[in-house]
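Q: Please arrange chain B on chain A, whose structure you already have, making use of the hints.
As a plain string of letters, each chain reads:
2 protein chains.
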Amino acid sequence: MAVRALWYRPGTLFVLDQRALPERTRVLRLTRAREVAEAIRSMTVRGAPSIGVAAAYGMALAHREGTLSPTAAAKLLRSTRPTAYDLFVGIETVRSAWEEGRDTEEAADAYRAKVVEECHRIGTAGAPLLARAHRVLTHCNAGALATVEWGTALAPIRVARQRGAHLFVWVDETRPLLQGSRLTAWELARERIPHAVIADNAAGHYLSTGRVDAVIVGADRIARNGDFANKIGTYEKAVVAKENGVPFYVAAPWTTFDARRKDGRSIPVEERGEEEVLSLAGRRVAPESSHARNPAFDVTPAKYVTAFVTPGGVVRPPAVARTLARLARER
Amino acid sequence: MAVRALWYRPGTLFVLDQRALPERTRVLRLTRAREVAEAIRSMTVRGAPSIGVAAAYGMALAHREGTLSPTAAAKLLRSTRPTAYDLFVGIETVRSAWEEGRDTEEAADAYRAKVVEECHRIGTAGAPLLARAHRVLTHCNAGALATVEWGTALAPIRVARQRGAHLFVWVDETRPLLQGSRLTAWELARERIPHAVIADNAAGHYLSTGRVDAVIVGADRIARNGDFANKIGTYEKAVVAKENGVPFYVAAPWTTFDARRKDGRSIPVEERGEEEVLSLAGRRVAPESSHARNPAFDVTPAKYVTAFVTPGGVVRPPAVARTLARLARER
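Chains as they are written, first to last, in my numbering: chain A, 76 to 406; chain B, 76 to 406.
Just chain A, with the same shape it has in the complex:
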């Protein structure tokens, strides 16, 4: 059975608890906007497209509850995490429906369906890029868990496999929260896709010794010039990939593109609590008097990106602004 990060029945958002994986498969039932906000903040649900969909349903639940105005509900859900653009798109999509008197649950359902369908199209568009790339490196989790279904970075891998490609995936473990070893490896293991987990430090070693044919990652926000934010560590992989002539692809639905942002310099980067770095599995790994810094994202300049894999096909960085302008006209 395919992985689904979340699903909705009238009045209840069911969320797979991504903090508990791979040890336990636990599903939370959320009935209030406030619970959805907390699930996003705590990274129970994570990944830019997934948190956009969760927030869309959070708006629908707020409408049902009837205690918050559309503006107050949007503010509550917006305050959870600052970097992923999808969050704001998901919220605004349902807020418009609410303010215009349309059905908010239908609006959230339609938003979810659009994201899932766009991810499937990313898979179709990206699969040919991997036709001759047998060993693919990915960072963090940009799979079904991050996008409700299919994934962004993992969608082309899944489609290429269905078409008979023999792929092997290098999985960066992705400290501090280990979305690679906990979540990406879990998705790949379920589908028996060959893979190996590596410490984030080892990616450069394999890139520089000719053992990676392509890198593919997701994104949390993409600016008009192609600069993009993604999980901390992405920037290093992009620089080292370019240094070694290995193509670097970024896969994302349209909801991740922030057409109003000129470049990556002003993308807000979330800084999370130091305990995520200082402790592991509940055990302190640094001296009691030591502190840590914990930026959750970094910004990679467009010059390191070979191409974006979008629902509309493969887009080279210089064409991002033009593509977004065309999409805006078509809407």
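No lab work stands behind these hints: they were computed from the structure.
Hints may contain errors.
Calculated lysine-lysine pairs in the DSS-like style (CA-CA distance at most 25 Å, straight line) [claimed, not checked]:
#, chain 1, residue 1, chain 2, residue 2
1, B, Lys337, B, Lys317
2, A, Lys317, B, Lys378
3, A, Lys317, B, Lys317
A: Just chain B now, kept in the frame of chain A:
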């Protein structure tokens, strides 16, 4: 009191258990060469200069035991770890004394004293490089624990501090074994040197946003052309430092230089067990059916090195071969 990784009394090598830090300060007493070999293999004692000194004492203990030939003792200790060149220098130094009928404990003592003195000279030579570098990034542990006393990368930081410099150290946690958060942070915390631990993934973020003035690391083996092996992840930091115009220094005693090796391509890279990546603090963090790869080192080409900090002063990569040839003539 200054940190010491190990010390010797006739018949006993005392080793600070680096696997237990920072939680517990535990000292092991080793009286047999086989125990020393096991302590090196298990990384109870680690860091290229420290394992060279431990192995030198291991040879002296083997001589005392009287059950192994010099060749058999050397073979036992050589088989522990393949990458650090110091290991082989330490073993051969005491083997020569043994075969020539000199006192092996005196030979090991002299080897230790030379390493410690060279590290102190590295500190003196390197401190001026950090005079205007307020924020220094380091990877792994190249401190007193790795070198018996002083450190290689940390020696210039210590000397610069004694001279009144205000330094702040970014400490890469250094997965998979966390020598940064467990050991480097412990050394810095003891001496109240301001520092922050970061996930290895975050180094690029700080390098690219102008918050690192210099990078300084140790080395496990340096070839004649300046290519060098060091803890996995070093290569990525070097590439990203160069990309951002941040100086990248490599500090090492002479025992780390492998004058017979033309370049880095043939340096043996140790691959360790996958459980170091798949488990954290005894808890599995990846699905049961997933596997991992765990290269312990990577090789960084000389072109990324701004300078080597040696006991003989600061040496630019093109001058390494010349410096080593001069040293060989002087011996």
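Q: Confirm or reject each hint.
A: Hint by hint, here is what the structure shows:
Taking the CA atoms of Lys337/B and Lys317/B, the gap is near 23 Å; set against the 25 Å cutoff, the hint holds. With a C-alpha separation of about 16 Å, the suggested pair Lys317/A and Lys378/B falls inside the 25 Å cut-off, and the hint holds. For the hint pairing Lys317/A with Lys317/B, the CA-to-CA distance comes to about 13 Å; that is within 25 Å, so the pair holds.
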